[in-house]
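> Residues per chain, in single letters:
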Amino acid sequence: MPLLEVDDVVVQFGGVTAVDHASFVAEAGRVTGLIGPNGAGKTTCFNVITGLQKPNRGRVRFDRRDITRLSVPRRSRRGMARTFQRLEAFGSLSVRENVRVARDIHRGIAGLVRPASADVDGLLERVGIAAYAGERADSIPTGTARLLELARCLACDPQLLLLDEPSSGLDEQETDAFGLLLAELAAEGRAIVMVEHDMDLVMSVCDEIHVLDFGRVIASDAPGAIRANPDVQRAYLGYSDVDEELAEQTREILL
Amino acid sequence: MSTIISFTILGLFTGAAYAIAASGLVLTYTTTRVFNIAHGAFGMVMAFTFWDFSQRQGMPTWLALVLVLGVVAPGTGWLVQRFITRGLGEGPVSVSLVVTVGLFVGLIGLAQYIWPPEPRTVPPFLPDKGVQIGDTYVTAHQIITIALSAVVAGLLYLLLNRTRIGTAMRASVDNPVLLRLFGGNPDRVASLSWAIGISLAALAGILLTPVIGLSYFDLTLLVINAYAAAMLGRLSSLPLTFVGAMGLGILQSFAVAYLPTEGFLSGLRAVVPALFLFVVIILMPQAQLRIGQVKGIVSAPLPSMTRSAVCGAALLGVVAVLATAMSDANLLLVGTAATYAMVMLSLVLLTGYGGHVSLAQFTFAGVGALAYAKLDEPNLYGLVMSALIAAAVGALVALPVLRLTGLYLALSTLAFGVLMDKLVFQADFAFGFNGTLHAERLSLLGTSISSISGYVIVMATFFVLMALGLLVLRRGVLGRLLIAMRDSPAACGTLGLDLRWFRVGLFGVSAGMAGLAGALFAGLRGTIGAADFQLFNSLPLLLLAVVFGVTSVSGAALGGIGLMLLPVLQSSRPELAGLVFAVLGFGAVALGRDPNGLANLLFGLGRRLDRRFGDVVRRAVPLLPLPADRADTSTHGEVPLMEDLQQPLKEVGVHAAARG
Amino acid sequence: MSVPILEVVDLHAAYGRIEVLRGVDLRVPKGAVMALLGPNGAGKSTLVKVISGQKGATSGDIHLGGVHVQDTSPEELARLGLCTIPEGRSVFPNLSVEENLTLMSYAGVATEAVLDTAYSYFPRLHQRRHQLAGTMSGGEQQMLAMSRALASDPALLLLDELSMGLAPLIVDELYDTVAQIAESGVSILCIEQFARTALRVSDYAAVMTGGRIVATGEPAEVMDTMSDVILGGAA
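Chains as they are written, first to last, in this note's numbering: chain A, 1 to 255; chain B, 1 to 660; chain C, 1 to 235.
Looking at chain A on its own, in the form it has when it is part of the complex (with noise of 0.2 angstroms):
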């Protein structure tokens, strides 16, 4: 069983499909990948699925229950925490006290007793940014900003996780050792989909992909299946007389 079902969701802004008939899994213990160009509805389905965003039609089951008309702060309690693609750190707080205020939300009433800062310190170590750990959220760098995010996420120790865009603005190395990061915290049993424009980073932590094109989901498999679909050549590369060799060219650098 799943612990993320996306069923059948439809998402319309007026005359415009945002997100169309979307169906999708995710499950514990795995990366799966949500790729798609721009605009195809990747960030649409996490609004969806956190609650930010009501679906036309559809449902969201999280953990074998329907979660579709629960409010965005249960969602959260449920066990589900998510990144943003335009940043939302909490800019006039402290790296620090960015990853503190997500504990002590994790933690509720209980929070308010003993306020514990030894382990927030921990999870700035993990993702990578202790040295920053004393800055204004709103003066680091964009990389730097989208780790702490995901520290933040995991201060609430979420068993599924969402990230979108997670790597961009860091660096080659920074992204490999991200990769390994995501790699252990899905090893740790937590579900974690992530929607991301780094080809090579998916293609080597995602145990799955779904391809979202113009709302709909045309791929879902393993990344090798994937790197070999015709469909999703197509989507990325946006025409539909493939020119065989600029095709042949793209799929290596691309894929």
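Take every hint as true, because none was put in to throw you off.
Straight-line alpha carbon distances no greater than 20 angstroms define the calculated SDA-like cross-link-like pairs of lysine to any residue that follow:
no., chain 1, residue 1, chain 2, residue 2
1, A, 54, B, 500
2, A, 54, B, 498
3, B, 422, B, 275
4, B, 422, B, 256
5, C, 30, C, 69
6, B, 422, B, 531
7, C, 55, B, 89
8, C, 55, B, 175
9, A, 54, C, 135
10, A, 54, C, 134
11, C, 55, B, 91
12, B, 422, B, 272
13, A, 54, B, 499
14, C, 55, B, 90
15, B, 129, B, 9
16, C, 55, B, 87
17, B, 374, B, 434
The hints are simulated quantities; they were obtained by calculation from the structure and are not laboratory data. All of these numbers come straight from a predicted model, not from anything done at the bench.
Fit chains B and C to the given chain A structure using the hints.
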């Protein structure tokens, strides 16, 4: 039967005037996202201007009308948009609320200054004309008003749907940035809508004056009726706004006709618009958590705990010295200042830390005072109970609007204030109509504090304790949460924080603090009445809090003293009474964009001067650094002050831009 | 060589302390179509925002048709002949099609002319002229947006991610329109995630990454040498 007809016509008449006012409010709000709380106040000032032109200067009515509606009002609207409210719509709601509350208070002050109180009348249009319908006589003025509302509706429809600039007005609601890329100018659109909006406020004011009289406050409160009507159209639909206005007018007229003139229900007649507003707000749909909201207010720096404790002790010392030296009358003022300062502390929590605006903070103090007097337990238990009752009432106010944020929450406090003012506080079970209640002074641990000097020291102690408590809270878990909520509600939500209940809690605690202040105030004065806690006093309170710095405890202390001095100043120079309010209002307009206020500016100035001249001064005058320092302040004060004022603004702008 | 229609010299821009444009140099010759390629986060959209006057630069110069245009407001630039079609649907969703078209006349063309041009190019818009723009399909909305480029006869057209969220077939149609506009002599700078689609209509291509232009040239050579940069992140 004839009563129904005559009251319906009366209702249609007032409804028509509300509709004219409300459509102006909706127009300015939708095109610029600035909710103009001073809308009614503009109508009031314009009605006075019309009186001035037509009655005092003796112009023909038509000329005065053309001048006011065609020149003065649109010109004022244009100037206000150009120099005061421009760009506010993109900032936090709390800032635009404070700025327009500043206009509200400032305009009342201005009117009182220019047109000192004296009886004035404005005759209705065509006073001796009218039509007999059955048993009912309909005056020409009523017919003209109803017809004008239809004309306004028609013209607005044509403007918005049949002209390019009108289309651009609607476009700038959607996306002002895109309008600029099209080559349109959103500023011109905004100026036009403010010009029209203020003209409509003026027209409504002028039409209502013959009926409700030329009064500073009644016409200003017209804005509540306009809100109520506009809220039915969710502040965006003009047709629904007209429906709301007519419905409200008729409802109000029927309330006057059919509700009993005695007893509790009689009070209902005065609060129909407020009740209507409350009901509509409660029926509003849930506000969605949004990603990428405006954020990035720069907070005042937090003092260290030791420093705060030392400051608190010093303050207590000063009060203790004052208590032995001052006359009872002056001590009463010190106690009053302490009360105001405590109420301001509650605003520091709610507005400064939490980012929510309450327009009725004194009403909560009134609840505390009422509870204290009624409980008749002049001890710590009674005090705590009063605070708890006020807190419960505060939570109750926030509860129905649990699902709403910002503007609507603030407006519901306004409606609440009106309800309490006119319905509850004046009721027999409370203070009674124009009545007062007696309250005993507090006794602590069995010792009664009967002397006024002792009591003032107790009050100051409570202020210091409350302030220190607030600082501890700000440094702790809750303080961080509050900042986090202000910075990104969406992130808080997805991390599992239920913002709605948190907000209710915040309102409750803040109301409880105000209630405690009210209870102590009741003990200080001995007799208290509804007049001590009027809604109108809450607005200068908010403004002074913002002027002195609503993000800091020291701002609250200074603000408390300032608010206490206001009436003292006014009674010493009665002719300047209005001017004081005008200065305060427009001061808040100027400072409203920086919620850290004067307190922060003063501290910043001190630090800066110390850095720049401190060493030189200390070397030159080693024994007397203080007076020399002050001399510097007066000579070099202006330049850094300006810089300091603009710095936070820039940062706000940058963050807003970075977020998209 | 004649004066380029757009010349950007050592342009820097930042959000807060984070610098996004780090010395951009770019020339678009008069009458040419230039594709601007590069991975997400390279600063392409920021460049469009700075050129169109929506965002201030920290340093550097922009010349439009040989005229220095720093600190000129977007609406003035629009009236001077710069047509910017920003990312996402650049129409007013709550206005009807015809009202959207009416507003396009702010760029300095008579309303009648705008309506004529738009309806003759896209008859579908004529059928839907009383419909709210936001209720049309994504492709139709983008047609409406492109009508502005067609009708206002701009000196320079800035296109940002025209294809965002659209089916390939519709994207192809839209690029046919771009090609037609180019034929009429309009200079175009277009940002596109689908490199191939954009290059089909371009005379030149520039590659941007890390806030700088790292290569410019003929489409084929840029594609040959830079495809790893273009596709590495963009895909």
